[in-house]
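Number of protein chains: 2
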Amino acid sequence: MARPQEFNVSEALHQAMEVFWQNGFEGTSLTDLLKAMGLSKSSLYAAFGGKHELFLAAFDAYREERAREMSRILGHAPAREAIERFFRKIVADVEHSGAARGCMSINQAVEMAPRDPEIRRRVFQDLALIEEALTRTIARGQAEGSIKNPDEASKLARLLVLGFPGLQVMARAGGGRERLNDALNLLLSTLD
Amino acid sequence: MARPQEFNVSEALHQAMEVFWQNGFEGTSLTDLLKAMGLSKSSLYAAFGGKHELFLAAFDAYREERAREMSRILGHAPAREAIERFFRKIVADVEHSGAARGCMSINQAVEMAPRDPEIRRRVFQDLALIEEALTRTIARGQAEGSIKNPDEASKLARLLVLGFPGLQVMARAGGGRERLNDALNLLLSTLD
DNA sequence: ACGGTTAGGGACCGATAGGTCCATAATGGT
DNA sequence: ACCATTATGGACCTATCGGTCCCTAACCGT
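Line by line, the protein sequences are chains A and B. Residues 7 to 198, numbered by the working numbering, are exactly what the first sequence covers, in order. Residues 7 to 198, numbered by the working numbering, are exactly what the second sequence covers, in order.
No wet-lab data here; the hints were simulated from the structure. Worth double-checking, as some hints may not be accurate.
Said to hold, decoys possible - Per label pair, the in silico range of CB-to-CB distance: (1) A:E32 with B:R185: 49 to 55 Å; (2) A:E184 with B:D66: 24 to 30 Å; (3) A:A134 with B:P123: 32 to 38 Å; (4) A:S48 with B:R185: 40 to 46 Å; (5) A:N14 with B:S195: 48 to 54 Å; (6) A:E138 with B:S195: 18 to 24 Å; (7) B:E138 with A:E17: 24 to 30 Å; (8) A:E17 with B:E75: 48 to 54 Å; (9) B:S195 with A:A149: 19 to 25 Å.
Said to hold, decoys possible - Derived DSS-like pairs (lysine-lysine); straight-line CA-CA distance at most 27 Å: (10) B:K161 with A:K161; (11) B:K57 with A:K57; (12) B:K57 with B:K47.
Said to hold, decoys possible - Far from chain B by the CB rule (all over 12 Å, computed), these chain A residues: (13) S16; (14) H58; (15) A67; (16) M76; (17) E101; (18) E117; (19) A177; (20) T196.
Virtual Cβ for every residue (Gly too), placed ideally from N, Cα, C.
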């Protein structure tokens, strides 16, 4: 056979994701990526094909990771608490990572979606996914009584999804934890 | 005396604003700016000092323009209708301009605010300005009866401000008019 | 009419962008 | 032990980035 790959593809992809998440597509240079991923240009091109393709792969890795995490959090009862934890994680991420990253999908809605249909599709797919998950969870919460507001679950979910970019954008822009928590509580209060 | 400037500074600034609004800071090259503004490099540097300074000036021009427009719209009675028109303008802009521009302040909250304090300050200042204007208008609407929801005006305003980035991000990402109108109606329904 | 002064066109700069390519290193099968 | 095969490092490429500079053009007061 031949010489084996010296790096772990999915690990390298994860590193690329972190950089793209933080700095966006244009804001990330090949050099940044090579340093973060710890490999050389030829390896990168052999394994991923180019900056744009790498970006798409990294973005998809991000989306899958977050989708799984969302399902996990929203799956745990009671519904009202689960939803609160889903949103509170946004604030927690700011403090945990120490950086202003926000949500990569929202960031890309602003940066690339206007001129890249592949990104646009993914962004709206993500919003739809969140909306569906929230709708199901809210319906469950109304059934089990943890959510008092009797409005249509889908309507409440759409309102939360509308507030989601607000929170994420504030997080990315560097809004303090106080500001973020206020916004978060306000948004959650629509469930009561 | 000397040779007179051949271009109108504020007109050129407006053109720069349009380009920055559409493509962001990193996404706009000096060449793009020169073409849009219709002047040469030396003129640009003499008049504005450099890309970053030009950007700040263009951003401030945008912010002033929009602030004035907001006051104008929100000042006209009845309050509920004024607020509706304020938000409906977001959708209208998509269709009128034919482009996905969103709100430059929100776009910059994502692009530059995380690493540029000057931008961050402006972004949060803008959000505060919108919140204040909405608070006043909602209070007026409650007094005159056009707004039924009896909750604190400032609380309602903060909810609208939280939804504002949601609308703007969807507009920028290329959400269709249907999607935008749905979101808009949903957000406005919190006033009833 | 001319001269002092400022605006403007464009050549030029080093740095860096993303991307290609090739020589070399490292492997596993025979 | 050697060879076919593949991964890797890094030299190299062109295009473009933001920015500087200088020479000429255009003007106004005298």
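We went through each hint and held it up to the structure:
For the pair A:E32 and B:R185, the beta carbons lie near 26 Å from each other, so the given range of 49 to 55 Å is not met. A beta carbon spacing of about 27 Å between A:E184 and B:D66 agrees with the range 24 to 30 Å that was offered as a hint. Between A:A134 and B:P123 the Cβ separation comes to about 35 Å, which falls inside the hinted range of 32 to 38 Å. At about 43 Å, the beta-carbon gap between A:S48 and B:R185 stays in the expected band of 40 to 46 Å.
Look at A:N14 against B:S195: about 50 Å separates their beta carbons, and that is inside 48 to 54 Å. In this structure the supplied range 18 to 24 Å holds for A:E138 paired with B:S195, their Cβ-Cβ distance being about 21 Å. The supplied range of 24 to 30 Å is broken by B:E138 and A:E17, whose beta-carbon atoms lie about 48 Å from each other. In this structure, A:E17 and B:E75 meet the distance hint of 48 to 54 Å, their C-beta atoms being roughly 49 Å apart.
Between B:S195 and A:A149 the CB atoms are about 24 Å apart, so this pair conforms to the stated range of 19 to 25 Å. With a CA separation close to 20 Å, the supplied pair B:K161 and A:K161 stays within the 27 Å bound. Between the alpha carbons of B:K57 and A:K57 the distance comes to roughly 26 Å, so the proposed pair stays at or under 27 Å and holds. Our distance criterion of 27 Å between C-alpha atoms is met by B:K57 and B:K47, whose separation comes to about 11 Å.
No Cβ of chain B approaches the Cβ of A:S16 within 12 Å, the least distance being about 27 Å, so the stated non-interface status holds. With a least beta-carbon separation of about 15 Å from chain B, A:H58 lies farther than 12 Å from that chain, consistent with its non-interface assignment. Look at A:A67: its CB is around 20 Å from the nearest CB on chain B, clear of 12 Å, so calling it non-interface holds up. The Cβ of A:M76 sits about 18 Å from the closest Cβ of chain B, beyond the 12 Å cut-off, so the non-interface label holds.
Distance check on A:E101: its Cβ is at least 15 Å (rounded) from any Cβ of chain B, clearing the 12 Å threshold; non-interface status holds. Not every C-beta of chain B lies more than 12 Å from that of A:E117, the closest at about 7 Å, which undercuts listing it as non-interface. A cut-off of 12 Å between C-beta atoms contradicts the statement that A:A177 is not in contact with chain B; the least separation is 10 Å. For A:T196, the condition that its CB be more than 12 Å from all CB atoms of chain B is violated, with the nearest at approximately 7 Å.
Hints 1, 7, 18, 19, 20 from the earlier list are contradicted by this structure; the remaining hints agree with it.
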